[in-house]
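Engineer: If you're matching them up, the sequences are chains F and V in order. Under the numbering used here, the first residue of the first sequence is numbered 13, with each subsequent residue one higher. Under the numbering used here, the first residue of the second sequence is numbered 20, with each subsequent residue one higher.
Calculated from the structure, these hints are not laboratory results.
In silico SDA-like links for lysine to any residue, alpha-carbon gap of 25 Å or less:
{"id": "1", "chain 1": "F", "residue 1": "LYS386", "chain 2": "V", "residue 2": "THR111"}
{"id": "2", "chain 1": "V", "residue 1": "LYS98", "chain 2": "F", "residue 2": "TYR352"}
{"id": "3", "chain 1": "V", "residue 1": "LYS72", "chain 2": "F", "residue 2": "GLY241"}
{"id": "4", "chain 1": "F", "residue 1": "LYS386", "chain 2": "V", "residue 2": "PHE115"}
{"id": "5", "chain 1": "F", "residue 1": "LYS245", "chain 2": "V", "residue 2": "SER112"}
{"id": "6", "chain 1": "F", "residue 1": "LYS245", "chain 2": "V", "residue 2": "VAL54"}
{"id": "7", "chain 1": "F", "residue 1": "LYS386", "chain 2": "V", "residue 2": "TYR100"}
Some residues of chain V that are not near chain F, with every Cβ distance over 10 Å (derived):
{"id": "8", "residue": "GLY137"}
{"id": "9", "residue": "LYS154"}
{"id": "10", "residue": "GLY260"}
{"id": "11", "residue": "GLN265"}
{"id": "12", "residue": "LYS274"}
{"id": "13", "residue": "LYS283"}
{"id": "14", "residue": "GLU303"}
{"id": "15", "residue": "GLU316"}
{"id": "16", "residue": "ASP327"}
{"id": "17", "residue": "SER330"}
{"id": "18", "residue": "PRO385"}
{"id": "19", "residue": "ASP423"}
{"id": "20", "residue": "GLY430"}
{"id": "21", "residue": "ILE493"}
{"id": "22", "residue": "PRO496"}
Just the calculated beta-carbon pair ranges, DEER-fashion:
{"id": "23", "chain 1": "F", "residue 1": "LYS385", "chain 2": "V", "residue 2": "PRO385", "range": "51 to 61 Å"}
{"id": "24", "chain 1": "V", "residue 1": "MET20", "chain 2": "F", "residue 2": "GLN389", "range": "48 to 58 Å"}
{"id": "25", "chain 1": "F", "residue 1": "GLN290", "chain 2": "V", "residue 2": "ALA286", "range": "51 to 61 Å"}
Note that CB positions come from ideal geometry on N, CA and C, so glycine has one too.
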Amino acid sequence: MFSKTIAQLSSGLQNGEFSSSEITRAYLDRIKSLDSKYNAYITVTEEQAMQQASAADKIIAAGQASAMTGIPIAHKDIFCTEGVRTSAGSKMLDNFIAPYDATIIEKFNAANTVSLGKTNMDEFAMGSSNENSYYGAVINPWGENRVPGGSSGGSAAAVAAQLAPVATGTDTGGSIRQPCALTNLTGIKPTYGRVSRFGMIAFASSLDQAGPIAKTAEDAAMMLNVMAGFDPKDSTSATHDTSDYTASLNQPLAGLKIGLPKEFFSDDLNPLIAEKVQAALKEYQALGAELKEISLPNTALSIPAYYIIAPAEASSNLSRFDGVKFGYRCDNPENLEDMYKRTRAEGFGSEVKRRILVGTYALSEGFYDAYYKKAQQIRRLIQQDYISALQEVDVIMGPTTPQPAFVIGEKTSDPIDMYMEDIYTLSLNLAGLPGMSIPCGQIEGLPVGLQIIGNYFAEERLLNVANMFQQATDWHQNTAPGL
Amino acid sequence: MEWEAVIGLEIHAQLATTTKIFSGASTAFGAEPNVQACAIDLGLPGTLPVFNKKALEMAVMFGTAIDAQINKRSVFDRKNYFYPDSPKGYQTSQLFHPIVGLGQLDITLSDGSNKTIGVTRAHLEEDAGKSLHEKFADMTGIDLNRAGTPLLEIVSEPDMRSAEEAVAYAKKIHGIVTSIGICDGNMAEGSFRVDCNVSVRHKGDDKLGNRTETKNINSFKFIEKAINGEIIRQIEILEDGGHIPQETRLYDADKDQTRTMRSKEEANDYRYFPCPDLLPIIIEDDYIEAIRNQLPELPDARRLRFIDQYSLSQTDASTLSTNKAQADYFEAAAKQSKDAKLAANWLLGEVAKMLNQHDLSIQQSPVSAAALAELLIRIKDNTVSVNAAKQVFEAIWNQEGNADQIIKEKGLKQVTDSGSIEKIVREVVAKSDKQVQQYIAAEPEKRGKMLGFFMGQIMKASQGKANPGQVQAILKPILDALC
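Work out the full structure, taking the sequences as your base and the hints as a guide.
Structural biologist: In structure tokens, the structure reads:
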């Protein structure tokens, strides 16, 4: 049962093969017995899950079920959930019980899904290995000394270890796609604004976007059907119409034009990864697609631009964590300044502090033009590169990550090396475009991800492109050893 | 050597929206602490701002009212600083692209001369909460009811050269914002606050001296005092060979002096950058013109109309039209009493005197325009004499009833029965032998002046109730008959 997709669970629930209470119970029991091995969850909401499951069962019995009714889901601990601790992986919010639901949580509740709990993550979504969590590192089910990627590492590990059939994540520079690549999962970062950010604890507001982490493109499409849509509570949310993302999953790919940015296939790319990606591209050719080399000339600038813009926004977004109104406050502050300084020194982890420092510096008087403004100009160039490229091709493909899952602790002493982990993913966030990662092979038993990038609001097309590959291959069906 | 002051004002006008600039919480004044602060106002993790379009409309109204440039694209920026009553750790404001650009307006000074004052800009921003230092021993309370209240900050050019000019300018802005209904103008409640930038230099110098900014002054009287005090302080320091440090000061009304709040060295680097949670505000010409066409009558137009429609003098029309509430009061009383001149005289005389004595604004007057008009009608139809009317007015002020009730209860009805008046006249004449002899002895052309004594005695004998016109008409023939 734990290998079932949510599409399969959905039909099983509606055919009466099992109840939501049964599968929810089974998942909760599995989490209880196995999660100590992975550390995928920060909080398991057992009681609430069973209540939601029982409510879902009544709806199913009454014949009023929709596709997602009764489906258990794990939510990244970055989405505020009323009455439940919402920590963002930080000591700063270890005592924070959210008094309201994020918009996507409201939507999942309205769809009568079941929330199993809140998953581990890099603190405030800052990281690519899930080693920056106050609640400890997450273990990749594909290798007990390997990172699951980050920052949605808990969500990816939970689905890969079958501790949840599906999960939510967020992606600011690759935080959905990179963990999916490292754990053999399918994830989509939608177009910026496609999914509401209301109630999602902000890292970098102009880059953050929520999306699903799933076993298949079909499951991701079902999740996106719940998550997507305009939200009047989020001014940056898109008014563009949503589609039924499952509607054209099986549309044939004949004539699909795939762009291959030469910058993504340079000599720097790990040849083993290149081989897997090339094999996947051959598969696409077999499905009727045409390949075309393209260029995204400003790709190299995406890391420096990103590491100005994201920390700048973060330095401001994280100012509210000051010990005054919620969250951690240091013991016995002597005065206001002492309270601010010690609260923030004790409450934030070192990567968060590093980014606050970088962002504060980049925005400070005299440096704004040289850093922030320049980075925004580069951002527009990167966006222009993509816009012109996508006039010639339907989708762009390349590797999701430069290498498979690395060993825990391997990169923690070298932040720049860690930042390079996102070299292929973060230009997309700068451009605001949608992108996916799907499994396309393994290197020495570790999964490799293929990244698929589409035009603005082309999620339906991306999911179709991903699904057709999954119909033709079985990489996505591989499960971690020892499950 | 002669000194010259250079003054510029920053006026914070609280916009009269019913809800806050970025949330749906109420902006009403005076509620229990923190009951009007929602999750967004508290800056809870994950919350996002949604711009209140009503605030935009009001800002554009102001811009069109002073015929300023309206920027069709304006942008919210974050002003980052830590303070306990700033819940997000930043204030959302507009630095780089304000909604209202350059404009100007004319002020009239006491000598009747006019002067044009430039308005640099007006921008939208959110107010902070309040820190309550007095209520808690060794602690500071935070009330966030005011946090997120929309403000329009109106920045002048440094065009003023005296406190009188500054007050005239502030009153002019006050008249405009209250006339177009975008601000209630209540200075005591902080709806209209003024920061005064003051520097001095030798007359004829081009270069500006170092300036100080005295913040948050909430009465016209204090603006005058603070500026005058600051000018004298700066001149004294400079004449002693000292230096004026650029700093922020506070006006202490109790001591009538300004004192240092923070020096330039202590000033924050606000690290302004465009707020990534809010889209730029884009407006069209049609929107601006629709607002311009629906602008209510402005104080200048009203002044001209008062002269034209009610035949008021320049001075009276100007005084009555500057303050919207006073102008409304006047017009209501004028219309109801059908005697604009009488209404103007009473408003600028008795009503102003009492308001001043009790330190009340016209809105707080215990005598409504309608109540005053009832009294004015009784003066006009000779029911009460002007002297008796003053007694009636005091009684209305003291809430003893309406004009007719008080006239009746206090027996202040004017005696117009000529038989009764003649009786009193003859009694007084009979008792005033000495004055009668003087009257007879006087040259006929000087006798007119001598009537005053008899008039006084007769009015006294009638307890002020005799109609003075009638008394005079009866008295003179009686006395002349004795000559």
